[in-house]
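Participant: Each protein sequence line maps, in turn, to chains V and X. Going letter by letter, the first sequence gives residues 1 to 294 in this note's numbering. Going letter by letter, the second sequence gives residues 1 to 294 in this note's numbering.
Hints listed in this document are in silico derivations from the structure and should not be mistaken for laboratory results. Fair warning: there could be bad hints in the mix.
In this list, chains with the same sequence are indistinguishable; a pair is considered to hold if it fits within one copy or across any two.
[As the list claims (entries may be wrong)] Taking lysine to any residue and the SDA-like style, the derived pairs with C-alpha atoms no more than 25 Å apart in a straight line are:
{"#": "1", "residue 1": "67", "residue 2": "78"}
{"#": "2", "residue 1": "80", "residue 2": "94"}
{"#": "3", "residue 1": "193", "residue 2": "95"}
{"#": "4", "residue 1": "120", "residue 2": "141"}
{"#": "5", "residue 1": "67", "residue 2": "143"}
{"#": "6", "residue 1": "245", "residue 2": "159"}
{"#": "7", "residue 1": "2", "residue 2": "70"}
{"#": "8", "residue 1": "94", "residue 2": "39"}
{"#": "9", "residue 1": "120", "residue 2": "70"}
{"#": "10", "residue 1": "120", "residue 2": "66"}
There are 2 protein chains.
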Amino acid sequence: MKLFGAIEAGGTKFVCAAGTETGEIKERVSIATTTPEETMPEVIAFFNKHKVEAIGIGSFGPIDVDKNSPTYGNITTTPKLAWRDYPLLSSVQKEFSIPIGFNTDVNIAAMGEAVLGAAKGLDSCLYITVGTGIGAGAYIQGELLQGLTHPEMGHILVRRHPEDSYKGRCPYHGDCLEGLAAGPAIEERWGTKAAELSNNDKVWEMEGYYIAQALMQYILILSPKKIILGGGVMNQEQVLEYINKYLKEFLNGYLEFPQVSTDMGSYIVRPGLGDNAGITGGLLLAKRVYEESK
Amino acid sequence: MKLFGAIEAGGTKFVCAAGTETGEIKERVSIATTTPEETMPEVIAFFNKHKVEAIGIGSFGPIDVDKNSPTYGNITTTPKLAWRDYPLLSSVQKEFSIPIGFNTDVNIAAMGEAVLGAAKGLDSCLYITVGTGIGAGAYIQGELLQGLTHPEMGHILVRRHPEDSYKGRCPYHGDCLEGLAAGPAIEERWGTKAAELSNNDKVWEMEGYYIAQALMQYILILSPKKIILGGGVMNQEQVLEYINKYLKEFLNGYLEFPQVSTDMGSYIVRPGLGDNAGITGGLLLAKRVYEESK
Numbered sequence: 001m002k003l004f005g006a007i008e009a010g011g012t013k014f015v016c017a018a019g020t021e022t023g024e025i026k027e028r029v030s031i032a033t034t035t036p037e038e039t040m041p042e043v044i045a046f047f048n049k050h051k052v053e054a055i056g057i058g059s060f061g062p063i064d065v066d067k068n069s070p071t072y073g074n075i076t077t078t079p080k081l082a083w084r085d086y087p088l089l090s091s092v093q094k095e096f097s098i099p100i101g102f103n104t105d106v107n108i109a110a111m112g113e114a115v116l117g118a119a120k121g122l123d124s125c126l127y128i129t130v131g132t133g134i135g136a137g138a139y140i141q142g143e144l145l146q147g148l149t150h151p152e153m154g155h156i157l158v159r160r161h162p163e164d165s166y167k168g169r170c171p172y173h174g175d176c177l178e179g180l181a182a183g184p185a186i187e188e189r190w191g192t193k194a195a196e197l198s199n200n201d202k203v204w205e206m207e208g209y210y211i212a213q214a215l216m217q218y219i220l221i222l223s224p225k226k227i228i229l230g231g232g233v234m235n236q237e238q239v240l241e242y243i244n245k246y247l248k249e250f251l252n253g254y255l256e257f258p259q260v261s262t263d264m265g266s267y268i269v270r271p272g273l274g275d276n277a278g279i280t281g282g283l284l285l286a287k288r289v290y291e292e293s294k
Numbered sequence: 001m002k003l004f005g006a007i008e009a010g011g012t013k014f015v016c017a018a019g020t021e022t023g024e025i026k027e028r029v030s031i032a033t034t035t036p037e038e039t040m041p042e043v044i045a046f047f048n049k050h051k052v053e054a055i056g057i058g059s060f061g062p063i064d065v066d067k068n069s070p071t072y073g074n075i076t077t078t079p080k081l082a083w084r085d086y087p088l089l090s091s092v093q094k095e096f097s098i099p100i101g102f103n104t105d106v107n108i109a110a111m112g113e114a115v116l117g118a119a120k121g122l123d124s125c126l127y128i129t130v131g132t133g134i135g136a137g138a139y140i141q142g143e144l145l146q147g148l149t150h151p152e153m154g155h156i157l158v159r160r161h162p163e164d165s166y167k168g169r170c171p172y173h174g175d176c177l178e179g180l181a182a183g184p185a186i187e188e189r190w191g192t193k194a195a196e197l198s199n200n201d202k203v204w205e206m207e208g209y210y211i212a213q214a215l216m217q218y219i220l221i222l223s224p225k226k227i228i229l230g231g232g233v234m235n236q237e238q239v240l241e242y243i244n245k246y247l248k249e250f251l252n253g254y255l256e257f258p259q260v261s262t263d264m265g266s267y268i269v270r271p272g273l274g275d276n277a278g279i280t281g282g283l284l285l286a287k288r289v290y291e292e293s294k
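Modelling step: build the complete structure from the supplied sequences, incorporating the hints.
Facilitator: And the structure:
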């Protein structure tokens, strides 16, 4: 079986892996995300050691995913200044003359979950991560969603919870979804780390209210066949109940599908691949670009 | 050149046409939407007279677009009781043994605009109609968007305009987008038909506020390459200015693309095909299912 490569480029670490198209990871390394000068040589060294047929990169964003753009493959306006305008794709391309795919970290996670994870067998799923930020990737009709650019679903507008007076912390939109519901917002609103608030029910009721609104918009606009919720905040399992409760309330019977009425528990789920959704999706993206290159 | 057929099945009229894959309409008829017993024989008669190679149907919804469903091709939970659960697709299929495509009226309009209209040459656009209801179709990466079901974008939640105390009129959600911003909501809020409110600036400022919010959500979630605004309410051209103003304000520089900053006027546009977007898309859908059948 052929060996493929994956790079999950995150804000705190780069995970590199070599594995198979069935998602079996043979080798893996985790490299701290410091500066391109420090981080990238280790990434290159990994793939010098583990020869692969193709590589799939899933990167933190925003990134340029437009193949016709002169800056295709770059990380663009990230607040991580060392990585701003960094040509991630071409820095790998110039070392290895093999097919290399490039997309967002959350899009490849959606692909991983759709092909080998919780949405296995479906041609469509949404992968949402709620952590230090809120991001979502979409695998729709068998393709990673892309248009003018990649989805930026974390920044949609939401209605305020009636008891929430916290101003929000998104530097662009203040109280957009990410500004109100990502980990740092929870921490700032309640004055305590989210992980230490497990027993404060009001925290998770409010969080569920916001995430449910987001899901309502995503469902009405994209109609995914499954929704997968990952990220640190979602480790607070009690949020899921509130999400289901509020989503049902908001939709109010409008969509007559068991997925959003009687069977929500199997429609809105945790990742089937756990923390491996992204890196598995990277292997699958590598396989896809490899096949397209033939 | 081959002759294809199109049916644009609307709530007030069915338009049937025979034409070419380049969108040239050779024959056309408009039939009142009363009951299936009255309307459908006229539809069948049209295609008995005009022999076509395939037919593309775009229907008012909600409809069942899942090819694996036993009720594929049906109109489902429409408030038009005579058409509820009506098997529109199969009623045409049983008369003509040719390939027949089936989708929503707004999805085929998006296809028409993407292939031959305002988004010509792009593989992606969003077509939104603001009239007696609000609906949107999406042509994404060269395909009509579909997942669990077709998009239902008119029912997304929006934040209230600070000066709006109107309760909204969506039977499911009250003050969702359609409940606050479709034609009947404008009429009920202001006590006058929308068409007679042209000179009341506050009406269109409020309308622009709501539509801009919707566009923000659609852009962040779907990232269409062009947005086309059709429907009766959009004939009030002054709305467009408010939409652009508020969308810019809401996004607040988050997406650094000329389309949503300096060049919004060529990104958010009126239909290039005017009232023919749907019927043209029907011909294109017919051509597509014809080719798939070969």
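Participant: Hint by hint, note whether the structure agrees.
Facilitator: These are the hints, each one checked on the structure:
1. In this homomeric assembly, residue 67 and residue 78 come within 25 Å of each other (Cα to Cα) only inside a single copy, at 20 Å, whereas the closest approach across copies is 42 Å.
2. When the C-alpha separation of residue 80 and residue 94 is checked against a cutoff of 25 Å, the pair qualifies only within one copy, where the shortest distance is 23 Å, while the shortest distance between copies is 61 Å.
3. For a Cα distance limit of 25 Å, the shortest separation of residue 193 from residue 95 qualifies neither inside one copy, at 42 Å, nor across copies, at 65 Å.
4. Proximity of residue 120 and residue 141 under a CA criterion of 25 Å is satisfied in both settings, with 13 Å inside one chain copy and 22 Å between copies.
5. For the homomeric pair residue 67 and residue 143, the shortest alpha-carbon distances inside one copy (15 Å) and between copies (19 Å) are both at most 25 Å.
6. Proximity of residue 245 to residue 159 under the C-alpha cut-off of 25 Å is found in both arrangements, the shortest distances being 16 Å within a copy and 21 Å between copies.
7. Taking the shortest Cα distances, residue 2 and residue 70 never come within 25 Å of each other, neither inside one copy (32 Å) nor across copies (41 Å).
8. For the homomeric pair residue 94 and residue 39, the shortest alpha-carbon distance inside one copy (16 Å) is at most 25 Å, but the shortest distance between copies (64 Å) is not.
9. Taking CA atoms no more than 25 Å apart as the test, residue 120 paired with residue 70 passes between copies only; the shortest distance there is 23 Å, against 35 Å inside one copy.
10. In this homomeric assembly, residue 120 and residue 66 come within 25 Å of each other (Cα to Cα) only across copies, at 18 Å, whereas the closest approach inside a single copy is 28 Å.
Violated hints, in rising order: 3 and 7; the structure is consistent with all others.
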